[in-house]
Amino acid sequence: MPLGPARRNQGFSEADPFDLWLRRSLHQSWDGALDEPVPDDLLRLFSDGRGDREALRTRWLRAEKEPRQE
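For the sequence shown, position 63 matches number 63 in the working numbering, and the numbering has no gaps at all.
These are calculated hints, taken from the structure and not from any lab test.
Heads up, some of the hints might be wrong.
Simulated DEER-style distance windows between Cβ atoms [to be verified]: (1) 36 / 15: 52 to 58 Å; (2) 28 / 65: 49 to 55 Å; (3) 58 / 34: 41 to 47 Å; (4) 21 / 67: 54 to 60 Å; (5) 39 / 63: 33 to 39 Å; (6) 29 / 50: 28 to 34 Å; (7) 40 / 16: 39 to 45 Å; (8) 30 / 65: 29 to 35 Å; (9) 23 / 53: 43 to 49 Å; (10) 51 / 17: 47 to 53 Å; (11) 23 / 48: 31 to 37 Å; (12) 55 / 24: 28 to 34 Å; (13) 33 / 54: 28 to 34 Å; (14) 62 / 18: 33 to 39 Å.
Treat the numbers as computed from the prediction; the structure is a model and nothing was measured.
The beta carbon of each residue, even a glycine, is placed where N, CA and C say it ideally should be.
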């Protein structure tokens, strides 16, 4: 995994021992969990709120276009 721009600009190299250790540790700890499918209940939580978020976003965009009344 290449370094992001922030890490590159701070003088970290691709072979930085801390980055190598961190990357390996994270892979060992979390790769198994990331390979698991997302439970349907959790997916439903995210998708059920989508309509509410879209309504709020639409209302916010409309309010942004209207002139402010002071």
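Whether the CB-CB distance between residue 36 and residue 15 falls inside 52 to 58 Å: violated, 31 Å
If you check the beta carbons of residue 29 and residue 50, does the distance land in 28 to 34 Å? Holds: the Cβ-Cβ distance is about 31 Å, inside 28 to 34 Å.
Look at the Cβ atoms of residue 23 and residue 53 and judge whether their distance stays inside 43 to 49 Å. violated, 34 Å
Could you check the hint for me, namely that residue 39 and residue 63 are 33 to 39 Å apart, CB to CB? Holds - the Cβ-Cβ distance for residue 39 and residue 63, about 36 Å, lies within 33 to 39 Å.
Quick check: does the Cβ-Cβ distance between residue 21 and residue 67 fall within 54 to 60 Å? Once the Cβ atoms are compared, 56 Å apart, the range 54 to 60 Å for residue 67 and residue 21 holds.
Does the hinted range 31 to 37 Å hold for residue 23 and residue 48 at CB? Once the Cβ atoms are compared, 35 Å apart, the range 31 to 37 Å for residue 48 and residue 23 holds.
May I ask you to test the hint 33 to 39 Å on the CB atoms belonging to residue 62 and residue 18? About 48 Å separates the Cβ atoms of residue 62 and residue 18, which means 33 to 39 Å is violated.
Residue 40 and residue 16, beta-carbon distance inside 39 to 45 Å? At roughly 40 Å between Cβ atoms, residue 16 and residue 40 fall inside 39 to 45 Å, so the hint holds.
Does the hinted range 28 to 34 Å hold for residue 55 and residue 24 at CB? violated, 44 Å
Regarding residue 33 and residue 54, is the given constraint of 28 to 34 Å on their beta-carbon distance met? With Cβ atoms ~30 Å apart, the hint holds.
Satisfaction of the hinted span 49 to 55 Å by the C-beta atoms belonging to residue 28 and residue 65: Holds, since residue 28 and residue 65 (Cβ atoms, about 50 Å apart) stay within the stated range.
A range of 41 to 47 Å was offered for this pair. Does it hold for the Cβ distance of residue 58 and residue 34? violated, 34 Å
In this structure, the hints that do not hold are numbers 1, 3, 8, 9, 12 and 14, in rising order.
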